[in-house]
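Go ahead and model the full structure; you've got the sequences and the hints to work with.
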Amino acid sequence: MASPLRRSKRKNPVIRTRVPQLPPMARSRIFLGLTSAAARGVFELQVCRECGAIQYPPREACHVCLSDGLDWKEQSGAGQLVAHTMLRHAMENYFRERLPWRLGIVKLDVSDDLRNPHPAPSLIVHLHGDCPEPPAPVRVFAMLDRSGQAILVALPEKDTPHMTDDLQMREMTCDPKFRKSLVTDGKSPVGQAVVKELIKAGSDLVWVGEAAPWKKIPGWDEIKALQDVTVVDLDVTNPDSVRRCAAQIGQKVDILINTAEQHRAYRIDGRHGTENARAEMEINYLGLLRLAQEFGPVMRSRAADTEINAVAWVNILSIYALSNNPNQSTFSASKAAAHSLAQGIRASMQQAGVRVINIFPGPLDVEWNQELRPPKVSPNALAREIVKALRGGAEDVYPGDIAKDWYKRWREDPKVLERELAFAD
Amino acid sequence: MSRRQPYDGIVVTTPVSVPYVRFSTKGAHWWIGRALATLVEDSGLTKEQFDGVCATSMSLHPDTAVGIVQHHGLSPRWLDHIPMGGVSGIVAMRRAARAVQSGDANIVACIAGDTNHIDSFRQGLENFSQFGKDAVYPLGTGGPNASFAFLTDYYMREYGATRKDFGKICVAQRDNALAYPHALFKAPLTLDEYMSARPIADPIHLFDCVMPCAGAEAYLVMREEQSVDLGLKFARILGTIERHNAFADDPIQYRGGWAVDREDLYGMADLTPGDIDFFETYDDYPVINMLQFEDLGFCDKGEGPDFVRRHTMTTDGSFPINTSGGQLSVGQAGASGGFLGIVEAIRQVTGQALGNPVPDAEIGLVGGFGMISYDRGVCSAAAILAAGR
Amino acid sequence: MQSTTNPLLDILSGIAQRQIRVVDLTQTLDPDFPQIELPPEMGRCWPFRLEEISRYDDRGSAPYWNNFSCGEHTGTHFDAPIHWISGRNLPDNSTDTIPVEKMVAPACVIDCVKHARQNPDFLLTAEFLKNWEEENGRIPQDSWVLMRTDWSKRNDPAAYQNFDEEGQHTPGPATDAVRFMVQERNILGFGSECIGTDAGQAMHLRPPYPCHYYVHGAGKYGLQCLTNLDQLPSTGSVIFSAPLKIKQGSGSPLRVLAFVCDG
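Chains as they are written, first to last, in my numbering: chain A, 19 to 443; chain B, 682 to 1070; chain C, 2 to 264.
Worth flagging that the hints you see were computed from the coordinates, not collected in a lab.
It should be emphasised that the depicted structure is a prediction, and the values quoted were computed from it without experimental measurement.
Careful, some of the hints might be misleading.
Subject to a maximum C-alpha distance of 27 Å in a straight line, what follows is the list of computed DSSO-like cross-link-like pairs (lysine-lysine) [what the hints assert, rightly or not]:
{"no.": "1", "chain 1": "C", "residue 1": "Lys103", "chain 2": "C", "residue 2": "Lys248"}
{"no.": "2", "chain 1": "B", "residue 1": "Lys867", "chain 2": "B", "residue 2": "Lys845"}
{"no.": "3", "chain 1": "A", "residue 1": "Lys233", "chain 2": "C", "residue 2": "Lys154"}
{"no.": "4", "chain 1": "A", "residue 1": "Lys195", "chain 2": "A", "residue 2": "Lys214"}
{"no.": "5", "chain 1": "A", "residue 1": "Lys394", "chain 2": "A", "residue 2": "Lys214"}
{"no.": "6", "chain 1": "C", "residue 1": "Lys248", "chain 2": "A", "residue 2": "Lys242"}
{"no.": "7", "chain 1": "C", "residue 1": "Lys154", "chain 2": "A", "residue 2": "Lys234"}
And the structure:
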C-alpha cells in the first residue's frame, strides 16, 4: 500500500533549491493524438476503421491491414499486468532524481468490439506501487507527465488507501494536498467556492486575493474567517499590486488559481463604447499577463522544490473562448484573448513542468447570467471540477453540459458552430 | 526441405577486430578506417579490390555506407548499408554472399564500426526508433534495460529461471574472455560477485548488462578459389536465416524469430543441433541466450534454465558459447556487437582463435538479435559456419 | 511684509519668508487610492493606474517614465458643471472653457469634524452654515465652501469608502444647505474630503445627489478627495485649482493648492 504522504519538514534553507528537470518530451507527431486525449483526461488509442485492430504505439497505418483510417477512440484501460520492473538506474536526470521507479507491461483486455479479432497491444506503463505482482488485473490511464506529454499509467484494479500519495501519482498530478494555493480573487462566488474546495482537498494554506477592500460581498466575511485562509491585497489591474503580491508570497505559491474576472453580458450593440470591453480585457487578459509576468518566473524556479513544489496554474476561461457567443460578445473576446495567452503561458511554464490547466466552463450560475435558462454550472460544481483536474492528469476541462456540447460541436466543425451561434437568439 | 540455393563456393575470410576501448575521442569513420586498413593488411588485397562494401554503424550519423566510401576513397560497384544492430553481421554476410554468388561483386568488405563518446549511448537510446522515442524512452528506461527486465521477469516467473542460471552464463563467458586479448573485462567474475552486483532494473543487475564501448569488426566475403589464391583461411556458409517482427502478437517476447525459421536453417545446412560444436549467441542480456537455446532447437521452450544447469558453456567444457567472452565480457561496440559472434566463429573454425580455441571446432552456430524497439527485439538471425577444409 | 511695486513679488516674498504658507490639498495619485464605486451595470470611472515605459533598462536605458490612466473623476479632482445633467446646457461649463480667473478663489472652511466623527452620514444643513456665518462672517460670493470632516485622515481604503450592505456612509451637504449656498450666497463651488461632494447616502435625498444637481445646475464647481483642510483657517485662504484643459472635459484630476497668510 502507498504510505500516506506526511507533511514534510520545512525546507533546509542552506541547500540549493532543486532545479526542475523534465522527463523526455520529444514525440512523433502522430503520438500527439494520445497527448491530445490525455489533455482532456481521456485514454484513447488508435483503432482501425477497416479491421478494428487497436494500435500502440501510435501508427500511420494499421499494422494488420495497412489502412490509414486510424481513429482515436476511448479505451476502458482494463488489462492484465504481464511483467514489471523496478528501475534503479536511469539516464535522464528527471528519473535519476526519483528512483526507484516502477514500470510494467500490460496486455490490454480484448476490446468489446466483436468485429475485432485482433489481439490488443501490450503497453509499457508507469506502474503504481499498489499494483500486485504480475499476473494481475490493472487499469491503464493516459495522463500528462511533467513534460506535458501523455504517458500511460497503470493503477490497481480497485482504488487503494492513500493511492494518490504514491510518488508517481504526485508527479503526474497537482494534488492540492499539503500544497499552498493562491486564489487571485476571493470575492467572487467562484473564488469563494474554489477557496472552500481547496481547503477541503487538504491545501496547506490558501492565500485569497482581495481587490477593492471596501466592497461588501456576501460570504466574504465567512471566507476571511476560515482558519486556513490568509487574505492578500491583489488587484490584477494594478501592476504594482501584482508585483508586491508576488514579491510577498510568490516563493511559496504551489498552485495559482486565477479567479479574477470581469463579466458583463452585452451584445456588440448592447453597450455603447468600449469602456466595458476594455475593463474585460484589463482583467481577463492583461490581468492574466501581469500575473504571468510576476508569478511565472518564481513558480517555475520552484517546480522541483522538495515534494511540496510549484505544480499548477489554473485559468478559468469560458467555453465562449472557443467561439464567440454573440450575446456576450466582448466577454467572449476577452476570454479568447485569455485563452490564447494561456497557451503561451502553458508553453512557458511547461519548461519547468508546471502544469497550466485551462477550465472552459459553460455559463455559470452567477449574476451576469441571471437571464439564462438552465443548465448553468454552479460555482461549487466548478470548484469541484477544478480540484478534480488538479488531482487528475488533464489540462483542459469543460465543466457542464453546455461546455461539453459546444466543445463537441467545435471539434466537429468550428465554422458550423459559429453559424449556429450567430443564428441563435 | 529447404528449396533455397546453397552458398556453394562462397566463403568468409579475414576476421578483423579493432581493439575496443570504453570511450573514444575518435569518430566512427576512424574505427571503420582502421577496420578497412586491417582488412587490406591481413588479406594482401588493395582497397580498390573491394568492389563490394556492406557496412553498419550506429554512430555514423548523418553518414551512411555512402559516406564511408567517399570518406575512405573506395569505389565499389555494390554497396549496402545494414542498420540492423545485433543481426547486422549475419545479414551482411547473407547479402554479400548472394552478391558474390551472382557476380554482382567479387570481394565484399563487411564492416561494423562505432565510436563511443561520453553521452553517445544516451543519445543513441533517445533516438533509437520512433516507437522507442514515443513509448519507451519517456518512461525513464535506461534504453533496453527495462524491456529486457520485463522479459527476464516474465521468463523467470513463467519458466522457473533463477538469477543463478543467468549468473552461470555470465561467469562462463567471463572465463572464456580471460584468454581473449581484446576483452574489456579482464578480471574473473565469480557467481557471488554476479549475485551481489547492484540492481539496474529488477531483475536485471549490473553484470546482466553489456558495457557500451567503441570498436570495429570486419570480414571479407569472396569466392573459395579467390581465397585459396590469396592463401586466406576461410569458412563456408552452410545455412542462414533472418526474420523480422516475428510473433508480434505475443504479449511479451518469450520467443524470437529463430523459432519460425530454424527448420530452414538446419535443413539448408543438412545438420541438426547436435552437430553444432560451439554457439556464438547474441548475448546483450543473458536471458536472450536461453531464448536462443530453445528457439534454435537445443532444448524445448521453457527448458533453457535446465539446459544451462547441465552445461559449462566454457571453451573447455560442454556446449561452448561465446568463446571470446561475448559482448557481456568484451563490450558492446555499437553495431560491432552484431559482428562479434560471426568474426569469432570464423576464427574458431579456421583455427585462428585469439583466445582459447574450442577443441576440434568444425561447425559453429552464430545467433543474431537486434533492434530493441518499444517492448522487444525486432530482428533475429542465425548462421551456421563450417571449417573451410 | 515689505511692500514692492509688484504685488505678485510680494506674494513670492511672503512665501519665501514663510508668511504665506502653501498647503497641498491633493491626495497622491496612487493605484491603491479608492475609486468611486457605482452599481456594476453602470459605466465605470477608471482608477489611477501606472505602467512603466522604461526604467533605465532594455526598454530605454536613460529614461524613467510611465504611462498612466485614470478617469476624469479619479483621485483629488475637479467637477465641471457639464458633469451633471442639470449643468449640461450652461455656457463655459467644461474644463476647457471655464474662465481661468475662476481657478483662483477664496475659501471658507466649515469644520464638521466632530459631527462627522459621531455620524458618518452627517448632513451639513443650512442652519449649520448660518451658525458658522455668525462666528465667521457671511460666506463671500464666488468663494469655495470646503467641508472639513477629517475624512481624509482615514488611510484605510475600506474605512475611507465606508461601505456596508446599504451602500456608502460618508458625510455631505443636505439639500437645504446646497440651495442656501448656491441661491443665497452664489458661491464658486463646494469641496469635500470624501469621494463625492454629495453624501454617501445622497441618492436617497430629494432630489438625489442634491449637491451635484444644484451646484452644477447653477454653473458652480466641485472639488473632491481634498486633504489637509485642517491646515486652513476658517476664512482667508486662497485656493488655486486648475483642471486639465480637456476638451469637453467633465472634470479632471488636479493639484489643489491653498495659500494661507500667517503674517
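Pair hint outcome, C/Lys248 versus A/Lys242 [Cα-Cα no greater than 27 Å]: violated, 45 Å
Satisfaction of hint between A/Lys234 and C/Lys154, Cα-Cα up to 27 Å: This hinted pair holds, its Cα atoms lying about 21 Å apart.
B/Lys867 paired with B/Lys845 [C-alpha distance capped at 27 Å]: Cα-Cα ~21 Å, so holds.
Pair hint A/Lys195 and A/Lys214, alpha-carbon separation not exceeding 27 Å: holds, 13 Å
Distance restraint between A/Lys394 and A/Lys214, which requires alpha-carbon spacing of 27 Å or less: Answer holds: A/Lys394 to A/Lys214 is near 20 Å, not above 27 Å.
27 Å limit on alpha-carbon distance, applied to hinted pair C/Lys103 and C/Lys248: Given pair C/Lys103, C/Lys248 holds - Cα atoms ~18 Å apart, limit 27 Å.
Pairwise hint evaluation, C/Lys154 against A/Lys233, where the allowed Cα distance is 27 Å at most: holds, 20 Å
Checked against the numbered hints above, the structure breaks only hint 6 and satisfies the rest.
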